[in-house]
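Novice: Protein sequence lines correspond, in order, to chains R and H. Residue numbering for the first sequence is 1 to 225, as defined by the numbering used here. Residue numbering for the second sequence is 1 to 225, as defined by the numbering used here.
Just so you know, the hints here were simulated from the structure itself, not pulled from any lab data. Treat the hints loosely; a few may be bogus.
In this list, chains with the same sequence are indistinguishable; a pair is considered to hold if it fits within one copy or across any two.
What the hints assert, rightly or not - Taking lysine-lysine and the DSS-like style, the derived pairs with C-alpha atoms no more than 30 Å apart in a straight line are: (1) 155 with 198; (2) 3 with 101; (3) 171 with 198; (4) 3 with 170; (5) 24 with 155.
Number of protein chains: 2
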Amino acid sequence: MSKIVVIEDDRYLREELVKTFSEKGYSATSISSFNATESDILAAEPDLVVLDLNLPGKSGFEICKWLKARASFPILILTARDTLGDELTALGLGADDFLTKPCHPNRLLARVERLLQNYGKVRNLIQAGDLILDLDTYKLIWGDYHIVLPETEGKMMQLLFENSPRVVSKKALASFIWGGEEFVDENILQVNMVRLRKNLAALGLDNLIQTERGQGYRLEAGNES
Amino acid sequence: MSKIVVIEDDRYLREELVKTFSEKGYSATSISSFNATESDILAAEPDLVVLDLNLPGKSGFEICKWLKARASFPILILTARDTLGDELTALGLGADDFLTKPCHPNRLLARVERLLQNYGKVRNLIQAGDLILDLDTYKLIWGDYHIVLPETEGKMMQLLFENSPRVVSKKALASFIWGGEEFVDENILQVNMVRLRKNLAALGLDNLIQTERGQGYRLEAGNES
DNA sequence: ATTTCAACTTACAATCCTTGTAAGGCTGGC
DNA sequence: GCCAGCCTTACAAGGATTGTAAGTTGAAAT
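My request is simple: use the sequences and hints to build the entire structure.
Specialist: And the structure:
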């Protein structure tokens with residue numbers, strides 16, 4: 001059965017949620033320490049995340065955005081703050097649904113069920129800014145346009161997505177694409193970078209990938225908050 | 001701007017909704033006669049549909065299912081019947097969101113905005129039963145599994161999807177795939193059918209496409225209501 | 001201004017995937 | 001058993017993708 005991870009700092013509600021999901025047959029867990037929240041979530045390999053916005057330390061918005069850039073599970077925001085602004089922000093960052101507390105368990109379950117069914121792990125989609133990348137086919141979506149990249153270029157895109165907007169070294173790219181330990185030829189990487197950039201330009205994305213001389217490449221994702 | 005079509009039999013609410021959307025800059029229209037609802041909607045080429053469940057004649061559920069099999073725009077159900085069962089049914093049929101009347105305009109707008117942004121026309125997805133087909137890449141999704149079909153097989157799938165569960169003649173398939181008027185070779189169609197079936201079997205979908213001797217092929221989509 | 005090294009660019013050939021052709025085998029209904 | 005309709009397999013042409021080779025360009029430092 002699907003695995004759900006609950007991110008909620010109120011202990012009572014957290015356990016209530018886990019119980020609700022468990023009773024419905026889901027494998028539900030939660031995170032109780034919020035030091036390395038994001039990586040803890042990734043490590044748990046969830047099929048869906050229920051995320052509170054008010055957490056000690058980092059904001060739920062940040063976590064949502066971070067996760068969406070490197071994983072494809074749906075994120076359901078569950079918050080006490082009933083602001084339309086919050087809802088718009090969350091949905092803009094890629095959140096898949098937005099419910100306010102208190103929330104009837106059946107309503108929550110219905111939404112979770114739908115997300116798992118419709119937008120679940122099957123669609124390997126990751127997101128950076130206003131770009132979406134399908135990891136199965138390397139279809140890149142931007143606004144009304146899309147393009148299907150060949151595998152090598154798609155993998156480059158993937159690693160750049162996952163680290164956006166940080167710099168990715170050529171070494172990291174090469175080992176991600178070809179898996180090899182040592183880094184024999186650096187020319188082939190550049191060739192593929194040219195090809196990728198050409199494909200992106202055809203889409204209208206001209207300066208998406210920037211070169212950091214001596215360090216590597218960086219993807220500056222588009223308009224977001 | 002995106003085009004929204006409102007399907008609602010209550011005249012007052014219908015005009016209210018159209019006005020709400022228009023003021024936000026959408027191109028909103030509605031349908032006032034419900035004789036050929038489904039084809040009217042398709043003919044309007046919407047980017048999103050707001051659909052009431054209680055309509056004179058056919059049920060909203062039927063319309064939702066029919067549309068999802070041959071178009072890729074998101075469908076938002078807006079209904080007065082606040083039953084959890086309805087919500088589950090609608091979402092199971094592929095509806096993308098579910099709101100109950102009365103509904104604050106801002107809430108509705110926020111949801112519409114999200115659907116257009118996240119799951120809009122960009123992703124060319126059509127649905128038949130529990131299967132999903134991406135028309136850009138011909139990625140076929142079934143539960144936890146997926147496969148990427150080559151173009152020819154993907155097109156076969158598409159036409160079978162759009163007519164499911166009715167029979168599609170070989171002639172129709174051939175002219176859909178190759179466009180030609182006359183139907184020269186029928187062997188190539190069978191070859192591709194074998195390949196498609198082999199690919200489906202690898203996914204676990206063994207008897208998905210049935211042969212109707214002398215008539216054509218038929219796609220019997222999986223478990224649904 | 002010159003040097004130097006990283007980054008960029010283009011052309012070409014090997015490889016793999018997809019497609020159509022060909023030829024024969026199977027099957028259900030009469 | 002016969003025939004039309006359907007299925008199956010093997011093969012070759014064509015195209016897309018990938019890596020190789022061999023340069024040219026450009027920016028920082030002297």
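Novice: A separate judgement is required for each hint: does it hold in the structure or not?
Specialist: Status of the hints after comparison with the structure:
no.	hint	in the structure
1	155 with 198	both (16 Å within a copy, 28 Å between copies)
2	3 with 101	within (22 Å within a copy, 33 Å between copies)
3	171 with 198	within (22 Å within a copy, 40 Å between copies)
4	3 with 170	neither (35 Å within a copy, 44 Å between copies)
5	24 with 155	neither (37 Å within a copy, 39 Å between copies)
Going down the numbered hints, you'll see the structure goes against 4 and 5, while the others check out.
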